[in-house]
Amino acid sequence: MRAGFVGFWRNAFISFTSIIVMVVALFVIASTLFNSYSLESALADFQDRVDINLYFVVDAKPETIDALKSEIEALPEVASVELTTREQALQEFRERHKDDELILQGLEQLGENPLGASLAIRARETQQYEGISNFLNERQSKETVGTPLIDRVNYQKNKDAINRLTDLINTERRQNEIISLLLILVAAFVMFNTVKLAIYNSREEIAVMRLVGASNYYITMPFVIVGVMQGLIAGVLVLLLLYPVLIWDETLFYPFPFFNDASVQAFLFDYFITEFATIFVVIVGGGVLISAISSFLAVRKYLYV
Amino acid sequence: MVLYNMIYFDKVSKIYNSGKSIALEDVSFEIAPKEFVSIVGHSGAGKTTLLKMLIAEDQPSHGQVFYESLDIHRIPRSRLPHFRRKIGTVFQDFKLLPHKTAYENIAFAMEANGRHDSEIEENVPQALELVDLEDKAWNFPHELSGGEKQRVAIARAIVNQPDIIIADEPTGNLDPIATYEVVQILRKINDLGTTVIMTTHNKGVIDELGRRVITMDEGRIVRDDAEGRYVL
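Sequences listed follow chains D and U, in order.
Position 59 of the first sequence, counted from 1, bears residue number 58 in numbering that gives the first Met the number 0, the numbering being contiguous throughout.
Position 185 of the second sequence, counted from 1, bears residue number 184 in numbering that gives the first Met the number 0, the numbering being contiguous throughout.
If you are wondering where the hints come from, they were derived from the structure by calculation, not from laboratory data.
Be aware that one or more of the hints could be misleading.
Straight-line C-alpha distance at most 27 Å; calculated DSSO-like pairs for lysine-lysine [to be verified]:
1. U:K85 <-> D:K195
2. U:K94 <-> D:K195
3. U:K94 <-> D:K300
4. U:K51 <-> D:K300
5. U:K85 <-> D:K300
With the Cβ distance kept under 7 Å, some of the chain D side facing chain U (calculated, not the full set) [said to hold, decoys possible]:
6. A73
7. E107
8. G110
9. V207
10. M208
11. L210
12. S214
13. M220
14. F279
Here the structure is a predicted model, which is why all the values come from computation and not from measurement.
Just so you know, even glycine gets a beta-carbon here, dropped at the ideal spot from N, CA and C.
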């Protein structure tokens, strides 16, 4: 234990360079963390905007609408169903066309509300829209015999867009996973090699320790402790560094340029603050772990020639 | 003859490069407790290989090496450090740690063996006294002469009170006076009851010692004399 601390200070320069390399490597790991988080929130945001709209006929009774609504809500794939009543639809319509005198006049002349109620249905997963749509279509075809209730379902129209988005989301997610994994591997490898080089400098010392009959534990522990300390310092440095960088310009970590609009400003910073415990564990824990394991393996190498 | 053997080499061969070079060929000999054995021979005669077998640095291709009744090359790796504590080693190039003082280099060998601090404070000055270096205890290796460095290395080798001292060309880098001092110290250690095994090139050392000499040539033992002289 004591020898570990002494070793850390005596090899201050080598320790320092190792820490710098580790900071860079851990920074890369941190950026993949932020990258995948912003990607996930972007994808969640897109998914949120996807829905199926079901339009009722104008004279559909509120009770039947409610009945269908609860029926749809009961489906396991459905995340939420939002009802827009006829009155709300009219109000929204007015709002949207408030600058268009002609349309508003036409509406006045009509005297009654020409709009039907509608349901906005959201699935839990984008892949599930197909199933929900099929269910709704079935309902619709059954109803044509009596009084029709459902006017139309707009899924078919949106289908292509939804499918393309689903594909895009899946590819993007997969690509991001592969890239993150590669970057983390590279970072870990760089850290491992730095530690190995630093310990290469001590191979004579290890050989002497072995000759005087030092146990493997006695030889290995100081190096592992130095590794733990280096990982710890590097991890804390990265966290200290991330704070100003995120305040300065967090768009550095965004995966897409178009994601960069005012509505999402500072969300990574919020993520950094709220999820600090997780990030701390990943960065500092990862640093300590990689560095300690590297030290251990590197010493082993010189322990058994 | 000896009553029982401390070290026993049984038909040991060592072949490097899959048969191309033979370092040791069918070597058998015994060493009794408290003997002072010199191994002589030209460079490449197999002296160093022989010593490496003894501290389990290297495995023989054929044959066995026994320490008391223990087959050295059957000791599990995790037990090797324990075994090596029975043997003190001294090398031509000293192998001192450059960032530690003479005192620390010796104390370190004790620490590595898990000795208590009070033992260290007691034994290290004794070891330094034995090699006559009390006044250089706080010098770093680069501040010492070759002979002094070798004496520190010997102090380090004996401080754990090993059963055997192995000295591989301990005088190889030293001038005649330092050589004489080092050999006197080794002889003193032997007189105190420790087995000493030394390899050397130095004719004067051998002739002056008048102890057992094993002569090697091309991986074989060619002579083994109880009161040998250097004949090559």
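To see whether the hints hold, each was checked on the structure:
1. U:K85 <-> D:K195: Judged against 27 Å, a Cα distance of about 31 Å means the pair is violated.
2. U:K94 <-> D:K195: Holds, because 22 Å separates the two Cα atoms, which is no more than 27 Å.
3. U:K94 <-> D:K300: holds (20 Å)
4. U:K51 <-> D:K300: holds (19 Å)
5. U:K85 <-> D:K300: At roughly 24 Å apart (the allowed maximum being 27 Å), K300 (chain D) and K85 (chain U) satisfy the hint.
6. A73: Violated: closest Cβ of chain U sits about 65 Å from A73 (chain D), beyond 7 Å.
7. E107: violated (95 Å)
8. G110: violated (96 Å)
9. V207: Because about 5 Å separates V207 (chain D) from the closest Cβ in chain U, which is inside the 7 Å limit, the hint holds.
10. M208: Result: holds, 6 Å to nearest chain U Cβ.
11. L210: holds (5 Å)
12. S214: holds (5 Å)
13. M220: violated (11 Å)
14. F279: violated (35 Å)
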